[in-house]
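Position chain B against the provided structure of chain A, taking the given hints into account.
Protein sequence lines, in the order shown, are assigned to chains A and B.
Residues 0 to 319 (numbering that gives the first Met the number 0) are what the first sequence spells out, left to right.
Residues 0 to 319 (numbering that gives the first Met the number 0) are what the second sequence spells out, left to right.
Think of the hints as simulated: they come from the structure by calculation, not from any bench.
The structure displayed is predicted, hence computed values, not measured ones.
There is no bait here: all hints are sound.
Pairs count within a copy or across copies, as identical chains cannot be separated in the list.
30 Å max Cα-Cα, derived DSBU-like pairs, lysine-lysine:
no.: 1; residue 1: Lys-167; residue 2: Lys-316
no.: 2; residue 1: Lys-1; residue 2: Lys-290
no.: 3; residue 1: Lys-3; residue 2: Lys-224
no.: 4; residue 1: Lys-124; residue 2: Lys-193
no.: 5; residue 1: Lys-1; residue 2: Lys-293
no.: 6; residue 1: Lys-290; residue 2: Lys-305
no.: 7; residue 1: Lys-127; residue 2: Lys-193
no.: 8; residue 1: Lys-152; residue 2: Lys-101
no.: 9; residue 1: Lys-194; residue 2: Lys-124
no.: 10; residue 1: Lys-169; residue 2: Lys-266
no.: 11; residue 1: Lys-169; residue 2: Lys-101
no.: 12; residue 1: Lys-169; residue 2: Lys-124
no.: 13; residue 1: Lys-167; residue 2: Lys-124
There are 2 protein chains.
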Amino acid sequence: MKLKMMYSFLNSDLTIIEESLEETVQAESPLLNQASLHLLKAGGKRIRPVFVLLAGKFGDYDIDRIKNVAVSLELIHMASLVHDDVVDDAELRRGKRTIKAKWDNRIAMYTGDYIFARALELMTKVEKPFAHQILANTLVELCIGEIEQIKDKYNYEQNIRTYLRRIKRKTAILIAVSCQLGAIAADVEEEIHKKLYRFGYYVGMSYQIIDDVLDFTSTEKQLGKPAGDDLHQGNITLPVLLAMKDNKIREKITQVQETTNREEIEKIIVLIKQSGAIEQSLRISDQYLHKALKILNELPQNRAKKTLSDIAKIIGKRKF
Amino acid sequence: MKLKMMYSFLNSDLTIIEESLEETVQAESPLLNQASLHLLKAGGKRIRPVFVLLAGKFGDYDIDRIKNVAVSLELIHMASLVHDDVVDDAELRRGKRTIKAKWDNRIAMYTGDYIFARALELMTKVEKPFAHQILANTLVELCIGEIEQIKDKYNYEQNIRTYLRRIKRKTAILIAVSCQLGAIAADVEEEIHKKLYRFGYYVGMSYQIIDDVLDFTSTEKQLGKPAGDDLHQGNITLPVLLAMKDNKIREKITQVQETTNREEIEKIIVLIKQSGAIEQSLRISDQYLHKALKILNELPQNRAKKTLSDIAKIIGKRKF
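This is chain A alone, in the form it adopts within the complex:
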């Protein structure tokens, strides 16, 4: 079953989210408008809004209230992508030209800032100081994650703990908080929204590990960029760290630089695949997934819970 079919009962609300996304980034500045809409139109899985809405189903679900959280978190995610593209000097994202490629780095930086500010503006409609504290703290962690990622580029001395901490900050926390804030906006009690946070965290960890595996196992067509691009860019992920336990592979990997040619990267991809690191990574992702599903068991029975479980499982099995 495809991801989107699982939450088809949310379709009308997701349409509202989509409209609100567009409405929220509207600016009287034509340049900002164009850049923001360009980004929105590039699409995306909208997985964070889906988690927000599903978590809201555990409480007093009111789309007019909860949509502010869903849109805000998706915009924060998008703003962080825009800044990532500046740092990674990326020309394409999801097969479309990035803002930094279509305009320039300066426009991309301020468009990111702008989308981010709009997200905050929308979030202030949720008049719960606690929710804002959670969000602000998440933003701090996100930024630390981004800086750590730069610092750790081509750093082959890092270990699996470094990696896990980084993907927690970069990916898992925002998904965790999507679940938690969706619940908080629906007045869900503390015990439940904390569990939803943990569910989101485990799913996020699993999700990012799979993402990092797919960078090696997918085709260029599926990825929209060459396989092994993370490694080439110096982003040391779980399969790489596991493969490096073999000293011969380690020696080859630690020589990778920006200037390394494509042929060499292809050779290393083969070595990593042969090393068993892919399977090991998938097992670790599975462990996170298992933890996520276990927490779900402790939550009240409802349709959203079944959907969260289905989504978690499909995320753990996705091929691209």
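Relative to the frame of chain A, chain B by itself:
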């Protein structure tokens, strides 16, 4: 009298602010720590915290509560400077190397994001949804101002209205909101904090116009960069717009590009000075100042009010 002597009665509170600034940007990431502290140590007038504290004196002044607003607004200002330096490709600020120069653009972008996130985190201690709405809206306007400034670079078709709207967004609103949020954090009634907002807005407009005048009338030593640098960078300010009313000067100015040599810029500076545009600009700044002082008259009598008036006057007369 020097600016700092005017508010010497705030000294012990400003020390608390300074300590809180350092404490707030602390990160377990050494790179972020270094970059943030480098920025803080470069100093600055801390004019926004001063306005926050003074505005707070109109109400129930509690330094432990109000410092969060003061520190948060100063950090937002600093974060925006870090991003500005990326866009302007600036090597120096206040005579010290910028973060983008000392590290690189990527670190500067994320350090800006990080400082900004820390500012928001601190601000969430102020549990007043209204305050957050004001702040978020300010951030949106700031970003629009930044993008408009890029768009309007070397655009000689813009008019004085464009300029005024831009400096409102870029500078005046943040000073206005410093006054307003300082008052709100001290539970000042609406009528008063709205007047303080308007006071700050007028002072901010006057401040930025003077800043733009000084870019032509100060020495390189005073500015820390060559005179006329704004014009050279394509930032069309009030003196330029006023001088362009003379067609001969207009013709010369509209030929300015990034590649224009220093000698030509010097000639244009002389023309602008001879045109009367400097005096006209100062008169417009004075009008804003006059409006600011008029609003102060409507506020209750206290020591802070006298200080705000003194600061406004000195800002209107400052030579660098």
